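Going line by line, the protein sequences match chains A and B. Take the first sequence: its letter number 589 is residue 589 in the UniProt record's numbering, and every next letter is one higher. Take the second sequence: its letter number 77 is residue 77 in the UniProt record's numbering, and every next letter is one higher.
FYI, nobody ran anything at the bench for these hints, they're computed from the structure. Small disclaimer: the values here were computed from a predicted structure and weren't measured. Treat each hint with caution, since some may be false.
As the list claims (entries may be wrong) - In silico DSS-like pairs for lysine-lysine, Cα to Cα no more than 27 Å straight-line:
| id | chain 1 | residue 1 | chain 2 | residue 2 |
| --- | --- | --- | --- | --- |
| 1 | A | Lys555 | B | Lys745 |
| 2 | B | Lys236 | A | Lys64 |
| 3 | A | Lys350 | B | Lys64 |
| 4 | A | Lys377 | A | Lys250 |
| 5 | B | Lys236 | B | Lys207 |
| 6 | B | Lys754 | B | Lys703 |
| 7 | A | Lys238 | A | Lys195 |
| 8 | B | Lys377 | A | Lys587 |
| 9 | A | Lys475 | B | Lys575 |
| 10 | B | Lys185 | A | Lys178 |
| 11 | A | Lys71 | A | Lys107 |
| 12 | B | Lys396 | A | Lys575 |
| 13 | A | Lys396 | B | Lys587 |
| 14 | A | Lys475 | B | Lys238 |
| 15 | B | Lys238 | B | Lys207 |
| 16 | A | Lys71 | B | Lys587 |
| 17 | B | Lys374 | B | Lys703 |
| 18 | A | Lys580 | B | Lys71 |
| 19 | A | Lys377 | A | Lys745 |
| 20 | B | Lys207 | A | Lys475 |
| 21 | B | Lys207 | B | Lys64 |
| 22 | A | Lys139 | A | Lys250 |
| 23 | A | Lys389 | B | Lys587 |
2 protein chains.
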Amino acid sequence: MKQYLKLDEWNIIEEGFNPENNEISESIFSLGNGFMGQRANFEEEYSGNSLQGSYIAGVYFPDKTRVGWWKNGYPEYFAKVLNSTNWIGINIVIDGESLNLGECEVKNFTRILHMKEGYLERAFNAILKNGKEIRVNSKRFISMARNEIGTIKYSISPINFDGCIEITPYLDGDIINKDSNYDEKFWLEVLKGVKPYEGYVMLKTKKLDFNICSYMRFDITKNGEKLNTSIDTFQKDKYISNTAKIDCCKNDEIVVYKYVANTSSRYYDIDTLREVTEDLSLQAQNAGFQTLFEEQVKAWDEKWTHSDIIIKGDVEAQQAIRFNIFQLNQTYTGQDERLNIGPKGFTGEKYGGSTYWDTEAYCLPFYLSTAEEKVSKNLLLYRYKQLDKAIENAEKLGFTNGSALYPMVTMNGEECHNEWEITFEEIHRNGAIAYGIYNYVNYTGDKSYLGEYGLDVLVGISRFWAQRVNFSTGKNKYVMLGVTGPNEYENNVNNNWYTNTIATWTLEYTIDVINYLKENDIKRFNELENKLNISPEELENWQHIIENMYYPEDKNLGVFLQQDGYMDKEQVLVKDLDSKHLPLNQKWSWDRILRSCFIKQADVLQGLYFLEDRYNIDTVKRNFEFYEPRTVHESSLSPCIHTILASKIGNVEKAYEMYLRTARLDLDNYNNDTCDGCHTTSMAGTWMAFVQGFGGLRVKNDKLILNPLIPDQWEGYSFKVMYRGSLLKVDVTSNNIDINNETDKEVLLSIYDKNYTIKGYETLNIRR
Amino acid sequence: MKQYLKLDEWNIIEEGFNPENNEISESIFSLGNGFMGQRANFEEEYSGNSLQGSYIAGVYFPDKTRVGWWKNGYPEYFAKVLNSTNWIGINIVIDGESLNLGECEVKNFTRILHMKEGYLERAFNAILKNGKEIRVNSKRFISMARNEIGTIKYSISPINFDGCIEITPYLDGDIINKDSNYDEKFWLEVLKGVKPYEGYVMLKTKKLDFNICSYMRFDITKNGEKLNTSIDTFQKDKYISNTAKIDCCKNDEIVVYKYVANTSSRYYDIDTLREVTEDLSLQAQNAGFQTLFEEQVKAWDEKWTHSDIIIKGDVEAQQAIRFNIFQLNQTYTGQDERLNIGPKGFTGEKYGGSTYWDTEAYCLPFYLSTAEEKVSKNLLLYRYKQLDKAIENAEKLGFTNGSALYPMVTMNGEECHNEWEITFEEIHRNGAIAYGIYNYVNYTGDKSYLGEYGLDVLVGISRFWAQRVNFSTGKNKYVMLGVTGPNEYENNVNNNWYTNTIATWTLEYTIDVINYLKENDIKRFNELENKLNISPEELENWQHIIENMYYPEDKNLGVFLQQDGYMDKEQVLVKDLDSKHLPLNQKWSWDRILRSCFIKQADVLQGLYFLEDRYNIDTVKRNFEFYEPRTVHESSLSPCIHTILASKIGNVEKAYEMYLRTARLDLDNYNNDTCDGCHTTSMAGTWMAFVQGFGGLRVKNDKLILNPLIPDQWEGYSFKVMYRGSLLKVDVTSNNIDINNETDKEVLLSIYDKNYTIKGYETLNIRR
């Protein structure tokens with residue numbers, strides 16, 4: 001754990017230059033707008049540790065799978081979102097010496113992520129080896145208002161000299177992914193061009209023919225006056241640049257305004273891509289930095305209006321929750337149903353920018369409550385459109401009749417992951433995708449989704465479950481063998497309680513949806529019955545499985561068991577483990593982890609969270625109190641579920657402890673891996689922990705439910721919730737709850753099991 | 001399955017040239033002498049499919065591990081015996097056109113492996129594109145009498161022309177392993193030199209500094225007269241050659257005699273390696289082809305005297321068993337305890353030429369019964385000398401106090417394998433290594449081995465088992481979690497019956513050995529007690545584990561269970577499986593294999609074989625009849641154990657069926673993978689199936705036991721057995737058993753439970 005950032009309610013602040021933290025800061029200070037994103041690399045040359053990273057949403061490469069020992073069924077490739085053209089570059093040379101913070105004395109360094117307004121600022125004084133000192137201030141943002149536009153205002157002042165400053169804005173497409181499996185480069189040059197004050201590079205991927213184009217333009221001012229200095233142009237493979245040489249005197253201020261449009265063939269025809277990009281960059285330049293900046297502030301203000309959380313009396317927690325919300329809004333905006341949310345967003349290469357079950361299990365609630373319905377719906381449509389591939393994937397493993405197994409990791413619906421115990425066995429992901437449909441429909445009330453899209457997916461998944469179980473004559477029950485649950489510290493187990501549970505839940509929900517459609521839209525049901533070949537026999541079979549599924553439990557302890565044989569393990573608690581053994585994933589060999597009773601992430605508890613209405617509070621309590629002391633939370637997705645359940649059983653202290661563990665994960669580099677990128681999907685878990693945990697937010701039977709509680713450490717908090725067209729602001733203190741309806745739409749809700757109606761623009765006050 | 005070889009009692013014969021079989025033949029016709037070996041590549045240029053392969057025993061390279069997803073505890077490298085200098089090369093050019101069977105018309109092609117005399121012969125007529133026809137006959141062997149020497153007699157006759165034949169004997173060290181993980185070359189040149197009629201290449205490995213040197217010399221005769229033709233010499237990186245141009249007339253016979261010495265720094269100082277090699281090659285040349293050949297015939301005659309098996313009335317079976325015995329004798333001669341037996345011997349690169357549990361479980365019995373005691377003892381000493389590394393390996397996984405885990409795959413004692421379910425979990429190998437000690441001492445009666453070497457290893461392994469189990473409070477028994485048994489079609493299971501059984505057996509045997517030493521060699525015992533820190537408490541703990549171990553079983557069926565939960569699987573028999581699903585390892589995804597009840601290789605049965613005295617015949621029968629129909633034998637090591645147990649329970653028909661499956665595995669390319677190399681270690685299983693299955697050979701309480709039976713398909717058979725200084729020839733027909741003592745040493749033995757004594761040079765006859 002490394003805490004070097006300053007606490008502040010709205011900003012992330014780094015003061016002083018510590019090169020050893022640079023890759024961590026590059027992740028934390030990342031920028032994005034859902035269509036592209038970028039690590040907080042320096043504009044000028046930098047020879048220290050850095051992971052240069054710019055990413056264009058959905059532009060990926062099928063990198064040849066690397067594996068020690070091939071198993072039948074492995075995919076041929078792992079799709080990764082490509083590190084693409086470095087468009088921020090501005091090299092600076094002072095009287096022949098290059099500005100490079102790795103090689104000069106740096107003073108007064110600050111890096112600030114302005115989360116309210118959505119921009120990155122960096123300022124420093126640099127004393128070069130030749131003794132010359134300059135002051136630099138750089139402001140940069142990726143426009144939330146214009147999907148393709150990134151802008152930089154880069155200001156330089158000589159402090160102790162008169163002389164020549166050489167400024168070289170460039171585009172560099174000769175980029176390699178750090179995580180390329182075989183050190184291959186993935187980009188080919190298509191076109192490039194350069195003339196004074198502008199230039200472009202157009203590239204395509206070696207496979208799949210994704211084209212991207214970056215077009216840069218820039219202006220230079222000296223003490224506020226625009227310059228028309230003569231420009232040297234230069235080009236080489238996948239690279240173009242302009243160089244301006246500017247004579248200046250002490251205390252002059254030279255400012256470069258760089259405007260770049262980044263486009264891809266996902267949105268524009270390849271034939272017109274260059275022109276479109278040229279045009280977009282020209283529009284940006286014509287608008288100018290100030291206008292673009294104002295658009296940016298306005299766009300972020302709207303985001304915050306819907307999603308801000310305020311915590312009073314705890315600046316650490318305040319900063320953290322806003323950071324999480326900020327990064328989520330930078331990663332996914334829900335405008336394109338072909339996009340999804342990589343575990344690290346646009347902040348690094350790890351996990352290839354691909355889609356995991358994280359989306360349905362952890363991210364969906366955030367977007368349901370903080371963005372318009374379309375945003376969550378697009379997350380669901382992503383899977384709907386990949387149903388055919390999920391069916392192919394299941395066929396590859398021997399399943400038939402339209403069974404669908406959604407991939408563990410994917411870009412376009414095809415499986416990318418290649419560890420048998422995960423690829424083939426961590427099939428609970430299928431359940432989360434079904435649960436996502438339930439969650440969306442339950443929250444939004446949009447039941448039309450079921451007939452239009454939902455049932456196709458549910459039937460495919462249900463068929464998979466029905467074929468994946470087998471009847472054990474010994475147990476006289478259905479069993480599910482050879483699975484890996486959410487807790488990946490067990491592999492290839494039999495009867496994982498969570499997986500068995502989510503499987504029969506899927507079957508039940510699918511039957512419910514069929515019955516709903518039969519009753520409410522018989523025409524559509526008949527179409528689907530015909531298209532999907534649903535027969536009464538099949539539904540009977542599902543019902544038989546539902547009624548005869550085996551669930552491992554320990555009746556003496558009154559707890560569900562992770563899987564068969566869990567109680568054969570030596571039962572040790574995390575608190576009794578010498579801290580030298582932690583984290584297990586760094587200190588123990590894999591087999592030792594597997595044999596131990598220690599749990600990586602909520603597993604039985606995940607099921608109790610998803611399906612809470614099925615289990616009484618005592619059951620939840622007994623299981624929580626059994627598993628929580630055995631859980632090491634070495635998945636970033638674990639503490640959030642624990643916060644919610646701890647809140648539910650009234651253990652606010654534990655809820656707060658678990659909440660802190662998730663909220664500042666990246667800001668404090670808790671797992672010592674933030675240098676690889678931020679844990680973007682677990683940030684959604686943080687939001688969920690807050691709003692569903694402390695806020696107690698639920699939707700049941702078309703009613704919004706709140707059960708707020710407040711940790712002793714806080715004076716108060718407030719959060720925003722969008723719900724079926726209304727926007728509520730919930731203010732909580734230790735003895736007071738105010739709920740302000742910020743729209744004209746009346747809302748029915750239940751607070752502490754009591755029903756209320758809040759009319760438009762009214763505030764409900766409840767004394768606790 | 002591909003049968004293209006002719007049946008013959010003593011020879012393997014290929015008639016007619018079929019390039020598509022070439023890589024299979026290269027494996028089958030391989031030569032070796034325990035110190036080096038070689039695939040049956042052509043001497044002259046060949047552009048068709050071929051895996052060029054020459055291997056020097058024990059000269060390996062630590063090739064960087066390739067893995068998709070790293071797990072803690074994986075080794076950094078996989079050691080592989082290197083493909084090394086091609087020393088057989090003789091290029092032939094006829095009037096400017098190269099002889100290349102890939103590019104000319106080939107007639108009268110034969111390839112014969114003369115197993116009795118130990119040489120390879122190849123003959124053919126080739127009509128080149130220029131219309132010129134030649135007749136070639138090549139004889140080649142690797143000397144069993146001189147560890148470093150290989151010799152070729154290569155004869156060429158023009159059939160339809162007078163002209164110039166250019167002959168280029170060469171050495172080529174610029175070799176790459178086909179299975180290099182990252183396409184790296186592993187060899188560096190150290191020295192080379194060439195002059196007329198001789199030349200050498202000395203190489204070293206890029207890591208570990210193994211040096212090898214090849215020195216070639218040759219003579220050329222024309223119609224029996226030695227020529228002194230002038231020679232052009234040539235050299236390039238890691239390569240030297242001589243070229244002789246010989247004018248000849250139709251029907252002249254040109255013969256090249258090539259003598260090569262291949263040495264390594266494992267046996268000679270690097271400083272003198274070149275000289276030694278030069279000298280060895282000179283000695284070979286001075287001896288001449290005929291003398292070397294006579295030595296070869298004599299050496300093989302001795303091998304056959306000890307190891308031949310004769311089968312009457314079944315030439316297919318006769319050829320097969322001799323082929324297996326021949327390859328085993330080519331692979332390991334037992335002169336160097338640092339060497340061992342790779343799964344493919346010297347016949348291919350697969351499995352890296354490394355040591356597996358195959359050695360103790362399948363190979364040891366062959367060498368115990370067909371070679372002097374030292375040979376088997378050296379196989380045991382190999383592990384004894386690697387005990388320190390086995391302790392380090394266990395420490396890496398978290399074990400303490402001298403626990404030893406022998407590696408799954410190794411060259412020098414360090415683990416090479418990197419699949420967690422095997423590397424960390426297939427720990428039953430440890431039991432086989434302990435069992436090897438028992439087997440050796442039981443067979444040879446050499447109890448001195450126990451105090452000198454055996455106990456150190458047994459204590460290390462026992463400590464591993466004692467730490468690897470844990471006490472299950474639920475079961476009130478010791479359990480062993482997270483293992484993979486010999487049946488690799490299950491991974492990460494709990495309480496694999498075989499592993500639990502071999503573990504407690506090891507503990508018992510170790511205690512027995514301790515008690516034996518206490519009673520018979522208290523001085524040595526005290527030394528060891530002190531050195532190994534053996535305490536009464538530790539032995540009590542072992543005893544507690546022995547008495548309280550859990551063994552899964554199905555009491556209704558009266559069978560031991562593969563592992564916990566086996567009966568939850570859908571119970572299907574192999575015979576009821578549509579043949580389109582077989583072999584499972586090619587047709588099914590890995591998870592489907594894991595979930596199924598199908599067994600790759602004998603697992604419970606392996607335990608019943610090793611520890612047969614513990615179980616009555618009904619138990620063996622019930623388990624055999626339960627598991628055999630569920631076993632797909634997709635490991636080459638499975639049918640042999642089935643043959644032995646089927647014989648034991650009197651099911652001769654099944655024994656014969658299983659025997660055929662193992663005996664001609666490579667000759668008939670049963671698994672369609674002989675092109676990769678022969679299944680050398682499973683050949684030892686074939687021998688074991690024969691002698692322990694049909695012959696019923698055992699040693700119990702210092703008495704040799706035979707219980708011969710004979711399949712209906714055979715008129716009779718005989719085999720040789722060396723036993724404690726005697727050599728017996730056992731002749732079996734349907735109504736008669738003759739046992740001839742070929743030594744002067746009296747032998748006590750039991751046949752069909754009746755005791756006999758055979759005096760020196762006497763024959764015992766038993767009517768059945």
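* Hint numbers not upheld by this structure, sorted from lowest to highest -> 1, 2, 4, 8, 11, 14, 20
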